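Q: With the hints as constraints, model all of the structure from the sequences given.
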Amino acid sequence: MKFGVIVFPGSNCDLDSYFLVRDILRQPVEYIYYYEESIKQCDAIILPGGFTYGDYLRSGAIARFSPVMSAVADFADRGGAVLGICNGFQVLTEAGLLPGALYRNDHLQFRCEQVYVRVENNSLPFTRSASLGKVLEIPVAHGDGNYYAPPELLREMKANNQVVFRYTDRDGNVTEGANPNGSVENIAGVCNREGNVVGMMPHPERAGEKILGSKHGLIIFKSIISYFLNREVV
Amino acid sequence: MAEQQVWRKLGLTDREYDMIVEQVGREPNEAELNMYSVMWSEHCCYKHSLSSLKLFPTTGKRVIQGPGENAGVVDIGGGWSAVFKIESHNHPSAVEPYQGAATGVGGILRDIFTMGAQPVAFLNSLRFGNPDSARNRYLFDGVVAGIGGYGNCVGIPTVGGEIYFEPCYGGNPLVNAMCVGVMPTERLVLGKATGEGNLVVLVGARTGRDGIHGVTFASEELSEKSEERRPAVQVGDPFLGKLLMDATLEAIEKKLVCGVQDFGGAGLTCALTETASRAGTGIEIDLDLVPLREEGMHPYEILTSESQERMLLIIEPEKLAAVEEVFRRWELQLAVLGKVTGDGRVVARHHGAVVVDLPAASVAGGAPVYNPESREPEYFSRLAGFDPLTLPPPEDYNKTLLDLLSAPDIASKEWVWRRYDYMVRTCTVQGPGGDAAVIRLRETGQALALTVDGNGRHTYLDPYRGGMMAVAEATRNLSCTGAEPIGVTDCLNFGSPENPEIYWQFRQAVEGMAAACRALDVPVVGGNVSFYNEVEGEAIYPTPVVGAVGLIESPQQQCGLALRREKDLLLLLGPRETSLGGSQYLKSCCGKVAGSLAELDLVMEHRVQALLRSLIGRGLIASAHDLSDGGLAVALAECCLGGGLGAEVNLAQADSPLPAMFGEGPSRILMSVGPENQAAVVEAAGEAGVKICEIGAVTGDALIICHGGDIILKLKLSAMKKAYEEVFSCIME
Amino acid sequence: MKKAVLDPQGVAVENSLKALGYDQVRSVRVGKYIELTLEAPGREEAAARVEEMSRRLLSNPVIEDFSYTLQEDAV
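Just so you know, the protein sequences line up as chains A, B and C, in that order. Okay, so the first sequence: first residue is 1 according to my numbering, each after it adds one. Okay, so the second sequence: first residue is 235 according to my numbering, each after it adds one. Okay, so the third sequence: first residue is 968 according to my numbering, each after it adds one.
For the record, the hints were derived by calculation from the structure and aren't laboratory data. Keep in mind it's a predicted model, so treat the numbers as computed, not measured. Fair warning: there could be bad hints in the mix.
Below, a list of computed lysine-lysine pairs in the DSSO-like style, where the Cα atoms sit at most 27 Å apart [said to hold, decoys possible]:
hint, chain 1, residue 1, chain 2, residue 2
1, C, Lys969, A, Lys158
2, A, Lys210, B, Lys647
3, A, Lys210, B, Lys801
4, A, Lys158, C, Lys970
5, A, Lys40, B, Lys488
6, B, Lys633, B, Lys826
7, B, Lys955, A, Lys210
Label pairs and their calculated CB-CB ranges [stated by the list, open to error]:
hint, chain 1, residue 1, chain 2, residue 2, range
8, B, Cys964, C, Gly988, 21 to 29 Å
9, B, Ala953, C, Gly988, 31 to 39 Å
10, B, Cys824, A, Leu132, 26 to 34 Å
11, B, Pro418, A, His107, 41 to 49 Å
12, B, Gly771, C, Leu1037, 50 to 58 Å
13, B, Pro525, C, Ser1034, 50 to 58 Å
14, C, Gly988, A, Ile24, 51 to 59 Å
15, C, Asp1032, A, Ile24, 38 to 46 Å
16, A, Thr175, B, Gln567, 15 to 23 Å
17, B, Glu559, C, Leu1037, 54 to 62 Å
18, C, Leu984, B, Lys488, 49 to 57 Å
19, A, Thr175, C, Glu1012, 52 to 60 Å
20, B, Cys824, C, Leu984, 34 to 42 Å
21, B, Ala953, A, Asn230, 51 to 59 Å
Even glycine gets a Cβ: it sits at the ideal position worked out from N, Cα and C.
A: Spelled out as structure tokens, the structure:
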């Protein structure tokens, strides 16, 4: 299978995803630039972290109008696997491909640290290799990671099992202290109704090697690889 | 006649003005005089420091480019180089902390990629007044936010730094930013306007009135009026900075440019005259072609504006289209301003008329070099004569250690560095909080260790020894990770050099640093001098800051400070002598800054560091930590907290517990070693002629220190952790 | 920011105003102020364009409300 990593002006975690897929997972991967109108022959698309267009109006607000985003929307409509990490998650919510919105951390500061997230839905292409309730140690690094969805939308999302990750303590308990940004119900990641588009604030691509502190992020990439392997067999 | 002495208002002396007239061969016009004013300011021409800076060793087997360019370049083998520099942004940060710090980071970033190197890490060294004042907290918070605001957005990790608080920095905080990059050495591009007929091209932000005369601002004392200088502070645009970085690096990689220079202090004036004078060429440009942000800008404003995020490129005409294509990918436009000439003159036209016609070498390099008067300050021998042992010893060592762990100088700075993205690029093997940061290099399989160090209090008490110690400590911190020091960059923060006592401090400090660099075999490959750090005649402590870079051949071999295993032995490597003079204990617990510093034997320092690196390379030790502020007791606490393990220590060999626990002295390392390796480690130390002493073992969940058969200190990890980690969130939130 | 959404900047400003002694402050909401100049044949057309821009890019309807005023410039 082949990964595509979207590069917007101001993306800065593009190379981290690229190197992880190429050097650790040893899968084909290529960059897709913001001005391109097709997403080539990729099986899974990653929207990386960064500060697209400086995040000057709102995080992700300008990037969603890049030419490549129509191609991403088409790809998602056709059931393609799309993962938005950090700023990529913000772009996907701004583009309406994921529900809710991400705004300023409640403490108003940028926050870079290791956190724990619990897998709340393991039936997705991006989480199928993880056990339900598995606690992953993955870093966050963001200023606008405070997830919000109005109550009625949140109810609907929960009914559809669209909450994918929650911030927890090391033992998997959802606590206020484990929430790095004030997100509603400690939500760290969500998916669309169909489950093929996932957005998460934590950076799994930064947790792919022991020398960097954690390998827990790999399970997300391994899930998608196994999903495609199995699909190809079928 | 007052009209004719306009140069004085621009910060030039009568004698300097006469020199200008002589070098130009006529009276300069307004625009020309402004160009001289900024280029002959202390910030640009180092007129008071140049004669001392010559003392630094600047060559060595690894040095590819020493001082004088945008950054230093050091060979790391395999055809690759490390490129680094540190620079101050003190004055701008004093009046507008967020933008002052942000543009400091942006400026040092451009210095690195201008050379062709991919930036891989930022570090910074900060000094503020005591955080109990709201103003100091505002400056501190703003500077931290500004560093994060720029660094996080451009996607280069901020991996290390240091922060100290002293009343003397209250009106004049220090913000020194360092950037490190790597590149294949053959890619090196210099800031030279080579090749007659080549195009002179500007790329990046439009030019506005921001930052006009920023360098003259940096070359005078701060005063009440400095707040009114706010318009002089530039505003950073990290988004544009990142696009410029990526596009410039691509153009350099494709060999499309022959010279690159960033716009730093003194804007277009500096970029034009320095690139021409370095290449021995001239430049002719049309100011009407500079894209402007504001209407009606005067030629001198266009020439001296310090608008951020601008680069000057020297391009062969036939490559222009290819360069344009590279920059267009990121929606950046080039402006061709003019061309390189052969006559050594910088000529600028405006609305068809020649408004500037000056010899480039005179503007960029014709400033006078001063040998300022020097005098030992009155305080020096008085404070050195103070004996700390005349003070009553503490009654409760537990309280002393907790007080020190919660002193803002020592306490964990996690509150600060978690606001910096220190992991982006996924190369950060050791982030902030250790002796040095470690960054792996994907391309070569090696790693770089990085640190910044300086201790203004030490340098105040003894400028010569303080200067030596800054270099020794920086390189020692690198050695603690297993890295071989390969070069340093320095930022020299002092008061006014026109004051003989300040100049004495400066000269002594530089002499001490130079001696240490020679003895430890590390060249100085670049840096920056920041004078006039004073408010109403009150100067800061003399504060030389050393940024040091070390090389680790294999990242697997690197070492950290955290204790790793129960039952490991604790060994103290290096001399036993310490001093409470100038110590953190004396400052934080007794409220005194006085006494003489412990001696620094540079030969021993060199031996200790070499031995330490060899022990780490052989895999014989589990952890290593430099004994620094707060002495052995604080180092023990930091190693315990880092590993979540306790320790039992016996100070059997010390006569008196106070200097043994809290005295400070150079060349000392606390190591933890598995019992199976103890014999080999002790033997190696013996062969190297370095003292080694077993002081205890890793055990339990508390730090216990015994002396003369009694437990004199016993603290649970949880109590130390609370003291060490909660200070800044309490002070700042 | 919509009323229902916690506004962390507003809370911070409110707290510091109270710390400065402005006890009469009941609540603070921090928003964005955007000034834009556009050409349009008349007020109605201008309003329609601004409305559309605000919905598509300038605001995020999940968390933000917007309002605008028009001011005519003599050409």
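Q: Taking 34 to 42 Å as the hint, is the beta-carbon distance of Cys824/B and Leu984/C inside that range?
A: holds (40 Å)
Q: Is it true that the C-beta distance of Thr175/A to Gln567/B lies inside 15 to 23 Å, as the hint says?
A: Given about 51 Å between the Cβ atoms, the range is violated.
Q: Is 49 to 57 Å respected by the C-beta to C-beta distance linking Leu984/C and Lys488/B?
A: Once the Cβ atoms are compared, 55 Å apart, the range 49 to 57 Å for Lys488/B and Leu984/C holds.
Q: Taking 52 to 60 Å as the stated bounds, is the beta-carbon spacing between Thr175/A and Glu1012/C within them?
A: holds (53 Å)
Q: Falls inside 51 to 59 Å, the C-beta gap from Ala953/B to Asn230/A?
A: For Asn230/A against Ala953/B, whose Cβ atoms are near 53 Å apart, the range 51 to 59 Å holds.
Q: Would you check the hint for Lys158/A and Lys970/C, treating anything up to 27 Å between C-alpha atoms as holding?
A: holds (23 Å)
Q: Hint says 50 to 58 Å; check whether the CB-CB distance for Pro525/B and Ser1034/C agrees.
A: violated (35 Å)
Q: Can you tell me whether the CB distance of Pro418/B to His107/A sits inside 41 to 49 Å?
A: holds (42 Å)
Q: Within 26 to 34 Å or not, the Cβ separation of Cys824/B and Leu132/A?
A: Since the Cβ atoms of Cys824/B and Leu132/A sit about 58 Å apart, the hinted range of 26 to 34 Å is violated.
Q: Within a Cα-Cα threshold of 27 Å, do Lys210/A and Lys647/B meet the stated pairing?
A: This hinted pair holds, its Cα atoms lying about 25 Å apart.
Q: Go ahead and decide if the range 50 to 58 Å is satisfied by the Cβ distance of Gly771/B to Leu1037/C.
A: Holds, since Gly771/B and Leu1037/C (Cβ atoms, about 56 Å apart) stay within the stated range.
Q: For Cys964/B and Gly988/C, compare the CB-CB distance with the range 21 to 29 Å and indicate the outcome.
A: holds (23 Å)
In summary, the structure is inconsistent with hints 10, 13, 16, 17 from the numbered list given earlier, while agreeing with the others.
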